[in-house]
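In the order they appear, the protein sequences are chains U and Z.
Just so you know, we're using the working numbering here: the first sequence kicks off at -15 and counts up by one.
Just so you know, we're using the working numbering here: the second sequence kicks off at 319 and counts up by one.
It should be emphasised that the hints constitute simulated quantities derived from the structure, not laboratory data.
All C-beta atoms, glycine included, are put in the ideal place defined by N, C-alpha and C.
Hints may contain errors.
[To be verified] Here's a subset of chain U near chain Z, in silico, CB distances under 8 Å, partners left out:
1. L(-8)
2. I(-7)
3. I77
4. V90
5. I94
Each chain, written out:
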Amino acid sequence: MDYLALLLITASALRLAVPVLLAAIAGLYAETSGLIDIGLEGKMLVGAFAAGAFASLSGDPWIGLAGAMAVAIVIAMAQGFASITLRGNQLVIGLAINIIASGLTVFLGIAWYQRGGQTTPLADAARFPALKLPFAESIAHVPVVGPLYNVALSGHTILGYLAFATVLATWFILYRSSYGLRLRACGDKPEAVDTAGVSVVGLRYSAMVINGALCGAAGAYLAIVQGGAFYRDMTAGQGFMALAALIFGNWRPGRVLAACLLFAFADAIQGRLQGSVLAGFEVPTQLIQGLPYLLTILLLAGVVGRAEGPAGAGRPYVKGER
Amino acid sequence: MRRMSTVVGGVLAAFINIFIAVALGGILILAVGEDPIAALDVVLQGAFGSLDGLSYTLHYATNFIFAGLAVAIAAQANQFNIGGEGQAYLGGLGVTLLCFAMPGFPWYVALPFAIVAAMAFGAIWVAVPAYMVARRGSHLVITTIMFNFLASLLMIYLIVNQFREAGSMIPASAAISPSLELLRFDQILAAVGVQVPESPLNVTILVALVCCVLVTYLVWHTRWGYELRAVGANSEAAAFAGIPVNRVIIQAICISGGLAGLIGVNEIMGAQHRLMLDFAFGYGFTGIAVALIGANHPAGIIPASILFGALYQGGASLSFLFPSVSRDVVIVLQGLVILFAGGLVHVLRPLATSAVEAVLVRMGMAGERI
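Just chain U, same shape as in the assembly (with noise of 0.2 Å):
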């Protein structure tokens, strides 16, 4: 494998990354803030779909992505009612969440388009456009560094670029402002948060609309930026693998980039690989695939290092109780 191959790899992990990172951030949100969500394939679906369907009546993919992100809160806002007012169980919501949403957007879709559950194709101006980078083509030139950077970091859609500075902010958020520490601290020990006169429903909710848009944003990058149209079931298991990505992060903003990326260069290498003799041993595709979900039960096993989500993540909050 040369240089120019590895770079290429590199440019094509990067797009897969995108949505299930911001997914994963997603649920970072949620799970910081107390609440369990496996929820999230579900509203990436209904953003995906919301995407296709406002960036083709359109023709803007901003309108797409602010549509997205706007069904994607509402459901957000509708899972955080069921489980942070009403006090339900959590992973059953979250569960009914992905149903719905697999459901209901094919339902839409064949009786709204009459594609079997695809919105119609967006045209080229629908679409996020690849940005070059400033200097990429003038330091093209420049041995390894010029390369990976015109080659493999430059390139990507706007909404691509977006998606890695969340990582920071969203960092910055949690462990550098006064707004994180507070929602850090009322998914491990709410009480605490609710003596200091901080209100964890209020802190939850907050934490639901973040979630919600960044799931939307997820599926809008699906839509929009990889396929071009919204097709049913076109998440096909990526906030599952968000989910995962945020358990092998260790619930952390760096580490679950970290997942991601090791991730999403699986999933890149693995087309590559395919029927390529390792120790004289034929790889399988579908054990790469199933990479991510292997070591995130390793992990969850204690085979590989250790997981510790936010402690009271999973249970209602009732004030006055302990």
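Once you have looked at the hints, place chain Z on chain U.
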């Protein structure tokens, strides 16, 4: 012995859940410009209107009984097994391997072995998540989600690379030998002179009913079942009373996996006669809805399975007659049932129970037990 108000309240809550879900489904159908009453009529006609439709409904219901019992027995230990789909695939793998090992045997000889193989494969597949719950405190939900994906990938690998017949493009194994195909009800009816169209309903439904009896006996009439329910009600109190909590949880989850594995018997020996990709697609989730509506009791799971079997079968005829309505509306109904009957169970059920209690007090029957 349970309080009458609890039992009746639970049944009332189940009916309210179904009603809300169906009503919301009707609004969806109205939203895309079709008549919901006509659609409901089509669903009921498709599911129950003909012997053919009815036998398909019962065939699906057989799968859902296994899936529902699987969810229910784990739920008795306060565990939530959402990996029924993956466990069903592994059960199917066990059945397929057994069928290839016993070619030419009559089905009634092979069936007991197939049941054991399906249950063993399903149980072994869920053993790792079960162990992780008991020893590591991992969420069964998270681990079984991961295991569902792994099961799906494993099946793709095995079917495409190992089982697929040479030269065949269809992702399926070779057919099992015809003698191993389970007896179907249309064959039984034909033997007594009633001609009906061929449908996959087969003797596995009897296995499912026997499982319902066995689960009832195991959970409510044995010492182990008492321990199981004690763990589910309050694991700390159970541990204090000397019940081996971890062992009971692991056993319950493995039995759960074994029950889900039995879907493989119904589909592979009963219906498709070969191992196909995605033969249990979505069944694990349907099992959750079935167990929730059936209040985790076989007496509730059987009617709930028939309800969802009818929705599956009737949903198919729906999309034939209304081009803008797809059968995915059934998936939405399932999700709504899971949301209302599962996620928000403590909102609706106490309301229904106290309403029933109020009525019973008026009738002078408060506090009666059944």
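How the hints compare with the structure:
no.: 1; hint: L(-8); in the structure: violated (25 Å)
no.: 2; hint: I(-7); in the structure: violated (21 Å)
no.: 3; hint: I77; in the structure: holds (4 Å)
no.: 4; hint: V90; in the structure: holds (4 Å)
no.: 5; hint: I94; in the structure: holds (4 Å)
Checked against the numbered hints given earlier, this structure breaks hints 1, 2; the rest are met.
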